[in-house]
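Peer 1: Line by line, the protein sequences give chains L and G. Mapping the first sequence onto our numbering, position 132 (from 1) lands on 132, and the numbers just tick up by one. Add 1000 to the 1-based position in the second sequence for our numbering, that's all there is to it.
These aren't lab readings, by the way, just hints derived from the structure by calculation. Incorrect hints may have been included.
[Said to hold, decoys possible] Derived DEER-like restraints, expressed as beta-carbon distance ranges: (1) THR1097/G <-> ALA243/L: 50 to 60 Å; (2) LEU196/L <-> SER1078/G: 47 to 57 Å; (3) THR1188/G <-> ALA318/L: 26 to 36 Å.
Each residue gets a CB set at the ideal place from its N, CA and C atoms; glycine is no exception.
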Amino acid sequence: MPYIKTLRRKTLLIGSAAMLVLAGLSPLLNVSTASAAQVTNRKITIGTSKVSTSTTYSASFNVTQTTQIKGIVIEFCQDSPLIGQSCNHTNGVTATPTTGTVVVTNVGGTGSPLTMTVNAASSAGKLILTHATGFTPVTTAPVTFSFSATNPSTTGTFYGRILTYTSDTTAAAYTSTAPGTHLDDGGIALSTANQLTINARVQEQLTFCVGTTAVNDATTTPGTDCTAISGTTVDLGVVDSSAVYTSPVATGTGGNNVNGVAMVRTNANNGATVSYFAEQDASTGTDKGALKVASANCVSSSSNVDQCFNSAGTTQTAFTAGTEKFGMTIGGTNCGSTTSYTCAYASNTNNLKPSSNYIGAAAQAYGTTNGFAWDDSGTSQQIASSSTVVDDEALMLRFAGTASITTPTGSYGVTSTYVATSTF
Amino acid sequence: MSLSALIALGGRPVLMAATLSNRLVTIATSAASAQTSHRFDFDIVTAAPLGSIEFEYCSNNPFVGTPCVTPAGLSLSSAVLSAQSGATGFLIDSSSTANKLIISRPVALGAAGPVSYSFDGVVNPSSANQSFFVRLSTYASTDASGQPTDAGGVVFSTSGGLGIGGFVPPFLRSCVGLTVAPDCTAATGNSINLGELTPKSVQAGTSQFAVGTNDVQGYVTYVLGTTMTSGNNIIPALATAVPSQPGTSQFGLNLRANTAPIVGQNPQGAGTGIVQPGYAQANRYAFVSGDAVVASNLPSDYNVFTVSYLVNVASSQPPGVYSTTITYLSVVQF
Chain L
1 MPYIKTLRRK TLLIGSAAML VLAGLSPLLN VSTASAAQVT NRKITIGTSK
51 VSTSTTYSAS FNVTQTTQIK GIVIEFCQDS PLIGQSCNHT NGVTATPTTG
101 TVVVTNVGGT GSPLTMTVNA ASSAGKLILT HATGFTPVTT APVTFSFSAT
151 NPSTTGTFYG RILTYTSDTT AAAYTSTAPG THLDDGGIAL STANQLTINA
201 RVQEQLTFCV GTTAVNDATT TPGTDCTAIS GTTVDLGVVD SSAVYTSPVA
251 TGTGGNNVNG VAMVRTNANN GATVSYFAEQ DASTGTDKGA LKVASANCVS
301 SSSNVDQCFN SAGTTQTAFT AGTEKFGMTI GGTNCGSTTS YTCAYASNTN
351 NLKPSSNYIG AAAQAYGTTN GFAWDDSGTS QQIASSSTVV DDEALMLRFA
401 GTASITTPTG SYGVTSTYVA TSTF
Chain G
1001 MSLSALIALG GRPVLMAATL SNRLVTIATS AASAQTSHRF DFDIVTAAPL
1051 GSIEFEYCSN NPFVGTPCVT PAGLSLSSAV LSAQSGATGF LIDSSSTANK
1101 LIISRPVALG AAGPVSYSFD GVVNPSSANQ SFFVRLSTYA STDASGQPTD
1151 AGGVVFSTSG GLGIGGFVPP FLRSCVGLTV APDCTAATGN SINLGELTPK
1201 SVQAGTSQFA VGTNDVQGYV TYVLGTTMTS GNNIIPALAT AVPSQPGTSQ
1251 FGLNLRANTA PIVGQNPQGA GTGIVQPGYA QANRYAFVSG DAVVASNLPS
1301 DYNVFTVSYL VNVASSQPPG VYSTTITYLS VVQF
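With the hints as constraints, model all of the structure from the sequences given.
Peer 2: Right under this line is the structure:
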């Protein structure tokens, strides 16, 4: 009798155990989505990570089955990539297509490329593509397609859920929590991000210097930049009536073998001008800015017997030996230090150009054949200008003088001041 | 119009202002430490209430609203607003500082367009060959407070002057010959043959000399020599200027065009040399060795002087070959 009770008990125990096993298995059997394979090599490339911006979304994934595909679903969720879970669309992707078509490509697949219809069940953040006959994919090439959408309005991670269907009807019935029977699926993480703004300031620039140089052409650099320019005096040496003495005057005739030089560097997009004026001395006569013996009173601008060289005036003129005159011209614009653009005086590609009455020679030649000018009144005279930026172009200032036989003996001098003005 | 925006980081001020266009500063002289004038030209780009404009001088950069280093040597204490155009009615405000000029007016609408302001009495910075910046900004307030409406920077450069020198040497040139070029580049002949001397007619001849000098005190030319001599016999020189008298022994000269006899010509050239009394009267002749025949008290271009020589002999003049050597000496004093 005890054995029978034991058997009944055992039987009860076995039955109970079997019931428990069945209860444990039931949830697995009811989740049909757990049987879909994962799409591989899956990605969605967005054109920009800027929030709230319309851009192109490019999807690419490999399927694991060659079963005919008649539906593709992509749903964007802010909270989770898991298939079958609820999907939060708040602040998420918007403006996914709700009408029209999308071309889906699977190289090697039968029926590819296929123009699939944006199903009417599509909504903001949920794209459903369907086709009555679909295409038969290959697993060796990705399924790709692109569409327009607007990024989420917040920065951070968001997700895309990809599902493929062999039934267009089932695809059209997709919901987040009830995706329906499908072939392959997979989740993707995407992210919006802040934009980076880079600020930089380029300040207005004008570097201008005046000095002397032994250079006497338009190509040999007088100095890399203004830090290499120095000197304060151009000496014409012994000036008599037998010749016109033009800088650089050799040391053999008492000169110091230099020209004047004025170098300009500016980033002013409206260019710059260079002007000069003759400093007025303390004399009481006229022509206070002439080449003269210090404080000598000049009789007139045409006298050959006062201790003042007759200035050439504001209009350029050629000099004749023995006819007393003093003046200045620009032999040429030296481009030897210019590096940031093509600059050659001979071909007129220099930006800083001598002004009328201070152009040394015709046809962009370096020289002084056009003659000289000199305003001794102290009025500022423009000698060069540019309409754009200038990179260390240098004006070669050539000075000339000739005495008449009656020009009184003495040491003659004049100081000139130069001003550069940039317009920004 | 361009928009400048500098977003504040680390507590620096925020500057949101439109950029003034076509802006420049023109300085009358670039000499360091010189008192001069500065003129500012620029276009206001924002039509808005305008009460003040600020001109801030800095040696470090032109960016309004950033730290400013005052240029060494700059002085605005004597600056005066000497001219204004475009938006006008401004006066220099008392809130101006050592490196900042603020001009102010009652607030009025400032139209977009070109404006210009000149300041006299500005002392340039003391460093030569250096760039300096001026920050320009317009304000609705009357004391340049608050956010600027428009802003921009300009730059100017000081530079050293350039001296030009030369030396004119002392100059004196003279030449003598039967004929000379006007500028002494040529002189020909050194002997005059007066031929046969006879009591019945005068004998005459000419030579020339030229002089030029840059001596401010001019020059003097002296005649040196003896009268016509043959051994112990002489033809008397004329101690004073008298006419020719054939049949009377005479030796003399002048520097004129004569008619009795017909000989010589007047001085030529643009110079300032003047024939001296005793030798300057036509048809009168003299010769005293050591006399000044030409003089100028100014620098003189070349003059060519023609000397007319006259010889008469009496019937009692002993026969012989009479000759003399005449020297012309030009002297200057520098």
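Peer 1: For each hint, tell me whether it holds in the structure or not.
Peer 2: To see whether the hints hold, each was checked on the structure:
{"no.": "1", "hint": "THR1097/G <-> ALA243/L: 50 to 60 Å", "result": "57 Å, holds"}
{"no.": "2", "hint": "LEU196/L <-> SER1078/G: 47 to 57 Å", "result": "50 Å, holds"}
{"no.": "3", "hint": "THR1188/G <-> ALA318/L: 26 to 36 Å", "result": "33 Å, holds"}
Checked against the numbered hints listed earlier, the structure breaks none of them; every hint is satisfied.
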